[in-house]
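K.L.:
These are the residues of each chain, in order.
2 protein chains.
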Amino acid sequence: MNGGIEWIIDAFDCRPAALRDGQAVTELMLRVIRDADLHVIGQAEHVFGGAGGVTAMYLLAESHLTIHTFPESGVATINLYCCRPRPALPWQELLSRSLGARTTHVRELQRGGAALVEVSGSVAGSR
Amino acid sequence: MNGGIEWIIDAFDCRPAALRDGQAVTELMLRVIRDADLHVIGQAEHVFGGAGGVTAMYLLAESHLTIHTFPESGVATINLYCCRPRPALPWQELLSRSLGARTTHVRELQRGGAALVEVSGSVAGSR
Chain R
14 MNGGIEWIID AFDCRPAALR DGQAVTELML RVIRDADLHV IGQAEHVFGG AGGVTAMYLL
74 AESHLTIHTF PESGVATINL YCCRPRPALP WQELLSRSLG ARTTHVRELQ RGGAALVEVS
134 GSVAGSR
Chain G
14 MNGGIEWIID AFDCRPAALR DGQAVTELML RVIRDADLHV IGQAEHVFGG AGGVTAMYLL
74 AESHLTIHTF PESGVATINL YCCRPRPALP WQELLSRSLG ARTTHVRELQ RGGAALVEVS
134 GSVAGSR
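These protein sequence lines map, in sequence, to chains R and G.
Position one of the first sequence corresponds to residue 14 (the numbering used here), numbered consecutively onward.
Position one of the second sequence corresponds to residue 14 (the numbering used here), numbered consecutively onward.
It is worth saying that the hints were derived from the structure and are not from the lab.
Keep in mind that the hints are not guaranteed to be accurate.
Pairwise CB distance ranges (calculated) [said to hold, decoys possible]:
hint	chain 1	residue 1	chain 2	residue 2	range
1	G	E121	R	G63	24 to 32 angstroms
2	R	G62	G	R99	21 to 29 angstroms
3	G	V53	R	G63	15 to 23 angstroms
4	R	P100	G	D50	36 to 44 angstroms
5	R	R110	G	P103	41 to 49 angstroms
6	R	E106	G	A74	28 to 36 angstroms
Here the structure is a predicted model, which is why all the values come from computation and not from measurement.
We treat Cβ as the ideally placed atom computed from N, Cα and C, and that holds for glycine.
Just chain R, with the same shape it has in the complex:
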């Protein structure tokens, strides 16, 4: 594996108010950064305001972490890309607690490995 590992996380049936709340989203991101022992070297965030969502990204010594939220459909999408392997986080638990997600779908991609790369997905059940 030459390019690290990326987790692609889609959370469904979240609380729309949480998806519009920049502070709630920031707290979730900081929790992920702390729990996964990541190191931030740059960041940007934007709260679209009104009925819009929140978008944030962190450039990491280990690669990157991003989130986009879609209050109108109750969806949050997260990418966590680590250039070195590390254990998966308990995404369903994290996203249920922070955003009220009822279902979380996690895919794990190898990056920059063989030209055709294994893709695996899992769905964590409803609360």
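For this one, chain R is given, so just place chain G on it according to the hints.
P.N.:
Same frame as chain R, but now just chain G:
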């Protein structure tokens, strides 16, 4: 589809010197932004220096664009996430010209749609 579309691009057998060159990587990113009519609302970049690679990310009105380069293995990994559908870019041509990539692997993921989401991949051949 509630969460947009993401292209996961892995480029192989690139020129190591190009993968260490912050300016070359920035020019590639700006080309992608222009060609795909994207709108930047935040950005961060880091050149690791010496034998290290370059990492850059752009927060977009349309979601995000990231790149990480690995000169030691000739690999560059790019994510382009757009919350609204748009045509795929000619990645093999772009990455061959800018980074000397001999092979480019592109996967297209739907985000935030059905809980189990279609994944498709393609490999563009050698020069």
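K.L.:
Which hints from the list above does the structure break, by number from lowest to highest?
P.N.:
none
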